[in-house]
Every structure is written in C-alpha cells, then in structure tokens.
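Here the sequence shown is numbered in the numbering used here, starting from 3 and rising by one per residue.
Rather than coming from a laboratory, the hints here were simulated on the basis of the structure. Bear in mind that the values here come from a model prediction, so they are computed numbers and not experimental data. Beta carbons: idealized from backbone N, C-alpha and C, even for Gly. Every clue listed holds true.
DSSO-like mimics (lysine-lysine), calculated; alpha carbons at most 30 Å apart, straight line:
1) Lys97 - Lys111
2) Lys174 - Lys85
3) Lys83 - Lys72
4) Lys98 - Lys174
5) Lys174 - Lys123
6) Lys72 - Lys27
7) Lys111 - Lys123
8) Lys98 - Lys111
9) Lys111 - Lys83
10) Lys128 - Lys98
11) Lys67 - Lys83
12) Lys58 - Lys72
13) Lys83 - Lys98
14) Lys97 - Lys120
15) Lys120 - Lys174
16) Lys83 - Lys27
17) Lys97 - Lys83
18) Lys97 - Lys85
19) Lys85 - Lys67
20) Lys128 - Lys174
21) Lys27 - Lys67
22) Lys123 - Lys85
Quick list of the computed label-pair ranges, beta carbon to beta carbon:
23) Asp146 - Lys27: 29 to 39 Å
24) Arg13 - Glu79: 39 to 49 Å
25) Ala89 - Ala39: 49 to 59 Å
26) Lys27 - Ile102: 45 to 55 Å
27) Gln167 - Ser188: 21 to 31 Å
28) Lys128 - Ala187: 26 to 36 Å
29) Asp146 - Ile5: 42 to 52 Å
30) Asn43 - Asp146: 46 to 56 Å
31) Leu40 - Asp8: 21 to 31 Å
32) Ile5 - Glu79: 39 to 49 Å
33) Gln170 - His77: 33 to 43 Å
34) Lys27 - Ala56: 25 to 35 Å
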Amino acid sequence: MTIALDTLTQRLSYIVGENMAHQLKNDGLTLDTDAIALAINDVMAGNPSRLTDAEKRSTVEQVQKESQEKQIAAHAEQSAKNKAEGAAYLAENSKKEGVITTDSGLQYKSLIAGDGAKPSKSDRVKVHYRGTLIDGTVFDSSYDRGEPIVFPVTGVIAGWIEGLQLMQVGSKFELTIPSNLAYGASGSGPVIGPDATLIFEVELLAIE
3 MTIALDTLTQ RLSYIVGENM AHQLKNDGLT LDTDAIALAI NDVMAGNPSR
53 LTDAEKRSTV EQVQKESQEK QIAAHAEQSA KNKAEGAAYL AENSKKEGVI
103 TTDSGLQYKS LIAGDGAKPS KSDRVKVHYR GTLIDGTVFD SSYDRGEPIV
153 FPVTGVIAGW IEGLQLMQVG SKFELTIPSN LAYGASGSGP VIGPDATLIF
203 EVELLAIE
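Produce the entire structure from the sequences given, and follow the hints as far as they go.
Have a look at this one:
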C-alpha cells in the first residue's frame, strides 16, 4: 500500500514513525510492525487495549528474561574466547627477547631505560601511555590527547601498580597485563571485553 506524504500531517506522522522505528531498532528488539500499527491505531481511535495488564506484565517479563539469558551466554562466550587468545598471546610474548614475566604473571619489557627514582605505592606519578588490545586496537592514549596524566600509583589496575614500581623516572616500558591483573571478567566499557589481556606502553615522566 502506497501512502502519500503530501500534507503537513502526513509528513509529521512519517517523521514520528521513522524516529520511533530507529529507536526500536537500536534497542535490538524483534518486533511485528503490523502489531505496532494495530496498537497505534487502537490508541488513536480510543479503543481499549487488546491485552490485559497481566498479559502485558507477563510478556515484558518473559522478554526481559530471554534477553538477560542471551546476554549472559554472549558474555560467557566472549570471556572464554578472550581467555584462550590471551593465554596464547602471553605464552608467545614471554619468549620474546627482553620480556620478563613476574610471579604474578605480569610481563614487562624495557623500551627506554631511565635513571631516576622508582615510585612507591604512596606516590603520585605523571605518565604518558597508550593502551591496546592484543589485536592492536587502541582503546586509550594520553599521547593522542596530547597531555600526560597524574594519578596515585594505587589508583589504577593491579598490573599498572606492579609495573610502575618496576620503572625508574625517564623509562618507558611495555606492560602486557593478563586479565586477572586488568579488568577481569567485567571488562571495561565497550572496547575492553571480559577477561581481555591488555598491552600498555607506559612512559614514567615524574614522581609528584
């Protein structure tokens, strides 16, 4: 069926429908457009709802339950994939020249030697850094922002806390951090998935 969009009301109606459709599509719900149109027509015509309040609640609860189950399954699948890939990467990286693996599993390599002091847990430090996934995806970089950051040594992930205390001011290290020393099963934000191994290039500029 072809509907004209000649009048102001028709065009406005189309815009409202289009915006609603974009939102529904972004929500990732599987919907029946005929049923949506039926509901809109009923409401606009003043007709009573075709579903009882109990049916509405039951339907929404069932959809939420199924959605949660899918999210849990997807999270578990991604976690297992990241663990396996991370373990393989760490095993290969440990064989590279200059890479040292600590008792915790942290791997570090000195890229530039420094001759300054080493920070302790009670210090604040100024650093430049770049963080990447093992596939090379950059997820954060103070270099790109053009400004180093200052923070307490204990205010970051465990891999950083350990790694920073191995560095001297003026040095630059590559830190390869297993997931249990990074963000673990929860991950962080949209880029760092669950149980992801992370790589950081860290330059210790000063102890403050």
